[in-house]
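Novice: Residue numbers (the UniProt record's numbering), protein chains in the order written: chain A, 1 to 423; chain B, 1 to 423.
Treat the hints as calculated values from the structure; they're not laboratory data. Treat each hint with caution, since some may be false.
The list treats identical chains as one, so a pair stands whether inside a single copy or across any two.
Distance condition first, Cα-Cα at most 30 Å in a straight line; then the derived DSSO-like pairs of lysine-lysine [as the list claims (entries may be wrong)]:
1) LYS161 / LYS305
2) LYS305 / LYS105
3) LYS105 / LYS261
4) LYS161 / LYS371
5) LYS371 / LYS105
Number of protein chains: 2
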Amino acid sequence: MTAPVSTSVFTDGPAVGLVCRACGAQYPLAAQHACWQCFGPLEVEYDTDALAAVTRERIEAGSQDIWRYAPLLPAGLEPSSRVTLNPGMTPLIRADGLAAELGMKTLWVKDDSANPTHSFKDRVVSVALTAADRLGFDRYACASTGNLANSVAAHAARAGKPSMVFVPHDLEPGKIITTAVYGGRLVAIEGSYDDVNRLCSELTETDEFETTAFVNVNVRPFYAEGSKTLGYEVAEQLGWRVPAQVVIPMASGELLTKVDKAFTEMAEIGLVDSAECRVFGAQSSGCNPIATALRAGTDEITPVKPTGIAKSLNIGDPAAGPYAIEAVRRTGGWMADVSDDEIRDGIRLLARTTGVFAETAGGVVVATLRKLLAEGRLDPAAETVIYNTGEGLKTLDAVQAAPTHRIRPSLTAMRDAGLLTSL
Amino acid sequence: MTAPVSTSVFTDGPAVGLVCRACGAQYPLAAQHACWQCFGPLEVEYDTDALAAVTRERIEAGSQDIWRYAPLLPAGLEPSSRVTLNPGMTPLIRADGLAAELGMKTLWVKDDSANPTHSFKDRVVSVALTAADRLGFDRYACASTGNLANSVAAHAARAGKPSMVFVPHDLEPGKIITTAVYGGRLVAIEGSYDDVNRLCSELTETDEFETTAFVNVNVRPFYAEGSKTLGYEVAEQLGWRVPAQVVIPMASGELLTKVDKAFTEMAEIGLVDSAECRVFGAQSSGCNPIATALRAGTDEITPVKPTGIAKSLNIGDPAAGPYAIEAVRRTGGWMADVSDDEIRDGIRLLARTTGVFAETAGGVVVATLRKLLAEGRLDPAAETVIYNTGEGLKTLDAVQAAPTHRIRPSLTAMRDAGLLTSL
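Throw the hints in and build the complete structure from the sequences for me.
Specialist: Take a look at the structure:
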């Protein structure tokens, strides 16, 4: 767990060190993800003066991707330093049709299926690998539920670097092929994501993998910061203000904490007037350890063995769970979890009313939104943004959809099928 | 074939009428696609003064989608008039790795899989439906090889309008589900695309479908203009100049003619200094009527019965074939066609070297690029842009790709599989 090179490689950005989220111990910027004193997770720390100097105008003059926020990220300020597919600035879609069906007033969908490999993972991988490159790593790896594997393999292909990605053996075919096609090594593990993750942690300690960047293990603090851009973008796209409510899918729980962190940072810097936003978390009932802990009134996450179709969220031992609970409690939000059938209905409802075809994780968010409304937890009159983090084409098996009719090519066949009608 | 409303609905844009590509006969702007005198295809005609007034600055100040070029399109100048998923401004990716493998100097990939429904069809559908809405149509339809169906169904869902889309029954599952999920009517036709197209032409003549916009039939002149944006964007993204060579996939042949038209228009307006660009066309050997005619030295296209995996290009009777041949001859380009195995290799080569996972049509383009280089038709030293028009996730069956390894989650298993190695 030693960094291949010194921290001076990061002098061009606002990051100044790593800090333990649990005990506050401080470390230099390096490939380290856990505190040597308390084993707590590490987070990137910034020069607050450098952040405070960032203006709306500077961001608006930037490129149409996550790198417009490089002055707020731990790596990538110098364009030539970026290891990236240039993700980000995905659409924020006004969802009036969905709002009407749910009895809501103002609803938006942040659609991250528009990223290069069609999930929000391109954001975190771009930041992680840009940092990893500076730290001297020469091979890219990850433990993944699918989307992360797609993204790491594609980034490696673009960068001309070797990759080795690890996934549970029972992933959706769409996610397997979309990783394998890039030509790196794809290792299917006979076990759950949590088994995959444990193996990758062990590998980072071996001599053979000393120069391999596992984006969500040994360079995790940098990786996690990439998720902040999903907060920055929503606020900028709304005209430099945060929405009253957001609903975010939870796997490790990290994405939720980083969107919350982004809003807080923006208010501190003065990019938005207020960070006041109620943060809601969404899980599937097949893997709901964070929502269960919140409802039980505890911070202690009891790991579960995940089941169900929302495989990209199937992390049974979620590392950032306690921090997600903290953010939800602090902001006055809540969490809910939904069944596989509710997830399927959520995918269809979103598609039918917005034209956005989400993967199962997006179905989880829509179904959770509906549940939180029914429970009276979420205010239907307050402006709400929901996050779709992935693409329906990757989880086709979850949606049973077929042609509504099959006929021969003639007007007679049209008439016989009852299709020769006006509106 | 009468327009539901008058042409005055188009007064906000630069379009002034329709003109026959064959005999030059002129018509007002309406839902008409064939000349009443010679049955030739109609094309949108513009007020040349209005086009000439368009500046780089005006375009650059526009939105990050096709609508920045609205002053050059037949509909959509007024933002509130748009029926759209806001496609366009997709990445132009520098492909140094692919160039190196092919012995080329400067190569770019225009990646239109980044559009909302992940193909270039979102461009043409947005323009067609925006025009159709103004013309009073209240239902959206198309004849499709898959991508167009995806796009029309998604646009209808976003707009809250009913849709009825027609496809050959043997489409890829990815394209069927991604249409059906939006909830419109999806009619599978027991026949080829050309059968589907014929049926749709017949339907436009029925009373029951009088107010149905078939985007590629009765509003085809508007639809076709949407493809110009794939020329505009490449030129703008290169810093307001056209590349020396482009390679474009051909189904009807229309996309190729419109990219060529876009370059010519831009030079006439003064947005670029020169329109000089050699235009190359790509087909699959299972459906190569345009390339065959070019090689035979004729303009007469002999229809074929399409076969092969590049289903999105399987139009056996390509309407714009003669115009594609004209553009290729005039600019000093050429055409080639490639086998299914070459297409599969093309998909893998592109993925492995650029991180872009293309559908079969993209594989056709990469394989054709390689063939044209081998034949000495295309200059490896001249700057070249190739177009990827669709997404690999929609044609997964074409790519056999699987995990490279399957092991138990332990270091011992890693060692036994020969994976415990550094680079």
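Novice: Could you run down the list of hints and mark each one as holding or not?
Specialist: Evaluation of the provided hints:
| no. | hint | verdict |
| --- | --- | --- |
| 1 | LYS161 / LYS305 | neither (34 Å within a copy, 43 Å between copies) |
| 2 | LYS305 / LYS105 | neither (38 Å within a copy, 52 Å between copies) |
| 3 | LYS105 / LYS261 | within (26 Å within a copy, 44 Å between copies) |
| 4 | LYS161 / LYS371 | between (44 Å within a copy, 27 Å between copies) |
| 5 | LYS371 / LYS105 | within (16 Å within a copy, 56 Å between copies) |
Of the numbered hints listed earlier, those contradicted by the structure are 1, 2.
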